[in-house]
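Work the whole structure out from these sequences, hints included.
If you're matching them up, the sequences are chains W and A in order. Note that the first sequence covers residues 1 to 151 in the numbering used here. Note that the second sequence covers residues 1 to 369 in the numbering used here.
Hints were generated in silico from the structure; no laboratory data involved. Please note that the accuracy of each hint is not assured.
[Said to hold, decoys possible] From the structure, some residues in chain W lie toward chain A, with a derived Cβ separation under 7 angstroms: (1) Thr20; (2) Thr43; (3) Thr47; (4) Asn51; (5) Thr53; (6) Ala71; (7) Asn85; (8) Ser91; (9) Arg94; (10) Gly102; (11) Phe104.
[Claimed, not checked] Below, simulated SDA-like cross-link-like pairs (lysine to any residue); rule was C-alpha separation at most 20 angstroms, straight line: (12) W:Lys115 to W:Leu17; (13) A:Lys231 to W:Ala127; (14) W:Lys33 to W:Ala114; (15) A:Lys231 to W:His89; (16) W:Lys33 to W:Ala62; (17) A:Lys231 to W:Pro87; (18) A:Lys210 to W:Leu17; (19) W:Lys33 to W:Thr116; (20) A:Lys210 to W:Asn51; (21) W:Lys33 to W:Pro126; (22) A:Lys231 to W:Pro126; (23) A:Lys189 to A:Met129; (24) A:Lys210 to W:Gln44; (25) W:Lys101 to A:Gly104; (26) W:Lys33 to A:Ser21; (27) W:Lys33 to A:Gln123; (28) W:Lys29 to A:Met118; (29) W:Lys33 to A:Asn121; (30) W:Lys35 to A:Met129; (31) W:Lys35 to A:Leu114; (32) A:Lys231 to A:Gly181; (33) A:Lys93 to A:Leu38; (34) A:Lys210 to W:Thr116; (35) A:Lys210 to W:Arg69; (36) W:Lys101 to W:Lys115; (37) W:Lys35 to W:Asn61; (38) A:Lys231 to W:Glu88; (39) A:Lys210 to W:Leu46; (40) A:Lys189 to W:Leu131.
Just so you know, these numbers come straight off a predicted model, no measurement behind them. From the three backbone atoms N, C-alpha and C, an ideal C-beta is built for every residue, glycine too.
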Amino acid sequence: MPQVAQPPQVRPYNGALRLTFQYEGSNVKLVSKQKVEMILPPTQALTGNENQTGFWFMLSNAQGTPVYRRALHNPIAYDREIFSNNPEHPSVQRVPVAQPKGTFILLVPDVQEAKTIQLFSHPLNPAGRGLAASEFARFDITSEPDKGEKK
Amino acid sequence: MGAGDGQVIGTTQIVDHGPASRKWNLVILSEGYRQAELAKFHSDCASFVSTMFATPPYDELWCGINVYRIDVASTDSGAKDPTACGGTGANPKTYFDGSFCNGGIQRALEVNNLAVHMVVNAQMPQAHMIMVIVNSNEYGGTGGDIATFSLATGASEIGLHEMGHTAFGFADEYEYYAGCGSGETGHDKYTGAEPAQPNVTADSNRATNKWRDLVSSATPMPTTINKDCSKCDPQGNPSSAETVGAYEGAYYNHCGAYRPQFNCRMRALNNPYCAICQRVIRQTLAPYMASWTWGTNTIGAGQTQRWWLSWGAYPGLEWVGVQPATPGAELDWDTPGMQQNADGSALYWITVRNNGSTAVQFHFRGNAL
Ligand SMILES: [Zn+2]
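Next up, the structure:
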């Protein structure tokens with residue numbers, strides 16, 4: 001019962017922006033922006049998380065309408081996770097970081113309508129976990145890096 | 001210190017399931033390996049890749065994953081090991097300044113994340129997840145934006161836990177902050193908002209819980225209750241390991257926050273990811289699987305069919321397989337051969353056998369490179 005297959009369709013690649021941020025405390029700077037060809041996971045629900053806690057970023061168009069949102073484990077580390085293979089210790093636990101400072105990457109779709117990226121988090125110190133997240137930084141991704149922070 | 005203490009040698013793809021523009025790309029960098037030790041890094045990477053491949057659900061999603069290795073040679077070998085934490089006092093010159101004893105904690109092995117990102121941005125900007133393997137046999141590692149771990153036994157589990165955070169957005173499912181025996185305060189009862197993360201919740205109500213579709217009607221909700229919120233719940237698992245419910249104690253709190261299964265790699269190392277975490281990994285990696293259904297047919301009980309697929313211009317295939325349309329149905333299938341012709345056309349044969357007692361509908365599926 002031979003069958004001739006249809007040629008497979010070719011899935012188009014998605015363009016993305018690789019955004020590199022540096023932070024010191026809650027002060028965040030966008031330091032580089034690179035165009036890359038890669039597929040990103042689909043957006044999560046754009047609304048309905050207003051009263052939630054956690055960290056997420058939102059990409060919006062010039063009218064402020066959200067186009068892409070992903071919730072992440074908070075990349076701004078006010079505590080560090082440490083591990084152990086000694087059965088007398090928990091295999092994983094957290095300790096506060098005295099001076100939070102570091103670098104992180106966000107991958108966002110390179111879509112023409114995207115204008116702004118907003119970062120949302122609960123208050124960044126560990127005691128703030130549980131409080132509803134609010135916007136704490138916003139960048140114009142159409143402008144040059146390191147000049148984009150509006151707040 | 002830092003980038004003066006070595007050089008970036010280059011990038012090699014070590015798991016190749018197609019172009020980086022179409023796949024989910026894991027990038028692994030070396031830290032504290034001298035140039036002469038890079039062959040050891042190659043085998044350490046291969047060892048991690050084997051561990052990951054054996055970890056559900058990455059095994060079934062493997063066709064969607066690429067792995068790249070960035071060889072970075074350091075001037076010296078190992079990582080800094082300050083005496084302040086009881087270390088040896090070793091102070092090697094390494095490219096990413098890998099060091100134990102961050103924050104005064106011996107096992108907190110960290111690297112300079114900015115330097116790592118600069119190398120990845122230049123070498124492999126299509127990275128979805130970044131890991132650094134540190135050439136030390138002492139146990140240690142940490143997470144954040146980059147997962148770092150040493151070569152000690154079990155340290156690769158750190159990479160798998162951190163990948164849960166960084167790549168899939170998982171919360172910690174453990175029910176304490178500093179540890180159950182730490183005497184910690186301020187972690188007795190979670191009274192906060194619903195966490196955005198998929199694998200912890202403040203809602204143990206069967207009707208509204210966010211993973212309720214996986215909770216059996218026979219499972220109590222909440223599934224466990226911690227009777228003394230001043231400490232971690234000492235009770236064992238009253239259900240089977242796979243039972244999805246709402247187990248009290250999660251997200252750094254002894255009470256008031258719930259985890260989906262009694263155990264998960266996001267609660268304690270050396271456990272499988274729970275069903276909720278596995279589902280999110282599958283959903284996140286689904287776009288990278290890029291498989292297509294070419295055709296559907298039905299095969300009667302006890303029958304064998306031989307099919308062929310042909311292309312005028314062969315697109316390159318990762319796999320061709322047969323998938324029963326009915327969940328739980330089983331078929332034997334084999335791809336006994338393919339023929340690629342000089343003009344670019346190709347034929348691919350598939351044999352399908354139904355050893356069952358009922359007819360089975362099935363799809364041919366494949367994944368073009
Ligand atoms: Zn889990």
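Next on the checklist: When the structure is checked against the list of hints, which entries are broken? Sort them ascending.
Outcome noted: 2, 3, 18, 21, 23, 34, 36
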